[in-house]
Amino acid sequence: MILNEYCSSAQCSVIGGTITYTIANEHAEGLPLIVVHGGPGTPHNYLASVASFLPERPVIFYDQLDCGLSAKTNNPQWWQLERFVDEIEKLRQHLGLQQFNLYAHSAGTMYAFDYALAYPDKLVNLVLASPVLSVNAYLAFMHELLATFPEHIQTAFRLAIEQNKTNTLELMEATAYFAEHHLCRLPIWPDEMFESSVNTNTQLRDHMWGCNDFLITGNLKEYERLSCLSEFKVRTLITVGQHDFISPTSCKKYTELMDNAQLAIIQDASHNPHLEQPRLYADVLCSWLEGTQKYSF
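Residue 1 is where the sequence shown starts when you use the UniProt record's numbering, and the numbers rise one by one after that.
Calculated directly from the structure, the hints in this document are not laboratory data. The reader is advised that the hints may include incorrect statements.
No more than 20 Å apart at the CA atoms, straight line, and that leaves these computed lysine to aspartate or glutamate pairs for EDC-like [stated by the list, open to error]: (1) Lys221 x Asp114; (2) Lys233 x Asp114; (3) Lys72 x Asp86; (4) Lys233 x Asp121; (5) Lys252 x Glu224; (6) Lys122 x Glu290.
Listed next, with one range per pair, are the computed distances between beta-carbon atoms [to be verified]: (7) Glu151 x Ala118: 42 to 48 Å; (8) Arg279 x Cys228: 30 to 36 Å; (9) Cys211 x Gly96: 38 to 44 Å; (10) Ile188 x Pro76: 48 to 54 Å; (11) Ala140 x Ala118: 26 to 32 Å; (12) Ile161 x Pro76: 48 to 54 Å; (13) Lys233 x Gln11: 30 to 36 Å; (14) Asp283 x Leu257: 24 to 30 Å; (15) Asp268 x Leu31: 28 to 34 Å; (16) Leu257 x His27: 36 to 42 Å.
Predicted model, so just to flag it, every value in this text is computed and none were measured. Cβ atoms here follow ideal geometry from the backbone N, Cα and C, with glycine treated the same way.
Please model the entire structure based on the sequences and the hints provided.
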């Protein structure tokens with residue numbers, strides 16, 4: 001499949017404004033892959049290395065509305081699940097793709113999974129990296145994880161959850177501990193990870209998710225899709241890090257409930273295994289998209 005003739009970076013009209021997208025490997029001949037970033041509100045930069053894993057296919061990155069290089073409306077009216085799902089479809093139409101592969105990370109997996117529910121015929125493969133398909137399951141594991149932290153780290157998070165004490169040095173220390181152990185375990189974060197983190201649209205994140213990962217207060221708090229999994233037919237790969245704050249056990253359950261899914265738990269990695277274990281992650285992703293078994297799932 002060949003993409004319509006667009007420059008490597010351009011804009012696409014969506015409900016509420018325009019989004020900016022970039023095409024890597026744009027002259028490659030493989031089936032294109034669209035990448036959906038997480039956050040909510042975290043620009044796509046931290047996922048850029050995915051393109052280097054897949055030189056045989058075009059890889060399309062975009063920043064969701066009010067994120068990164070896309071238009072800034074600062075209007076919570078547009079910060080709704082259904083509109084972010086529609087962004088994917090608007091981008092597909094804009095690029096003239098009859099079918100494509102879809103890759104999503106973290107909070108972006110909610111948008112991608114709902115897209116797959118609405119448009120299964122448009123997808124050949126779906127990759128859900130560190131997915132959230134049940135907020136209840138997510139929260140249950142987060143609180144299990146919290147109980148394993150050092151006591152002073154637990155205390156800081158519990159004060160933030162129970163008493164809204166969010167502007168303390170103790171919480172800053174606790175957040176750093178969490179990030180170092182369960183977000184990205186590299187001793188020095190890559191520039192693209194740091195840039196995405198500091199440029200997160202925190203207003204959007206708080207509106208949809210919340211300011212504390214242990215207490216979901218945003219409009220995604222009711223997101224539950226376990227009941228959809230048994231009827232879900234799109235060929236799916238789920239990836240998760242061994243030390244991820246997304247539960248590997250939950251990911252295993254998702255895979256078992258789905259009809260055509262496989263799970264890859266990336267050892268010695270957390271929430272960003274594409275950065276922490278790039279060679280292994282590239283092997284997993286390439287072999288699965290190619291339908292081969294170079295990697296033993």
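Do the hints match the structure? See the list:
At roughly 15 Å between alpha-carbon atoms, Lys221 and Asp114 fall within 20 Å of each other, so this suggested pair holds. Taken as a hint, the Lys233 and Asp114 pair is honoured in the structure, with Cα atoms around 13 Å apart against an allowance of 20 Å. For the proposed pair Lys72 and Asp86, the alpha carbon gap of about 18 Å is at most 20 Å, so the pair holds. With a C-alpha separation of about 10 Å, the suggested pairing of Lys233 with Asp121 holds against the 20 Å cut-off.
Of the pairs offered as hints, the one joining Lys252 and Glu224 holds, with about 16 Å between alpha carbons and a cut-off of 20 Å not exceeded. At most 20 Å may separate the alpha-carbon atoms for a hinted pair to count; Lys122 and Glu290 meet this at roughly 18 Å. For the pair Glu151 and Ala118, the beta carbons lie near 46 Å from each other, so the given range of 42 to 48 Å is met. Taking 30 to 36 Å as the suggested C-beta distance range, the pair Arg279 and Cys228 conforms, at roughly 34 Å.
Remark: the range hint 38 to 44 Å for Cys211 to Gly96 is upheld by a beta-carbon distance near 39 Å. Checked against the given bound of 48 to 54 Å, the beta carbons of Ile188 and Pro76, roughly 35 Å apart, lie outside it. Evaluation of the 26 to 32 Å hint for Ala140 and Ala118 yields a pass: the beta carbon distance comes to about 28 Å. Range check, Ile161 to Pro76: about 23 Å between beta-carbon atoms, so the 48 to 54 Å window is missed.
Under the hint 30 to 36 Å, the C-beta atoms of Lys233 and Gln11, about 33 Å apart, fit the expected range. The hinted window of 24 to 30 Å between Asp283 and Leu257 holds, with their beta carbons roughly 26 Å apart. In this structure, Asp268 and Leu31 meet the distance hint of 28 to 34 Å, their C-beta atoms being roughly 30 Å apart. One distance hint, 36 to 42 Å for the beta-carbon pair Leu257 and His27, holds here, with the actual separation near 39 Å.
Of the hints listed earlier, those the structure fails to meet are numbers 10, 12, in rising order.
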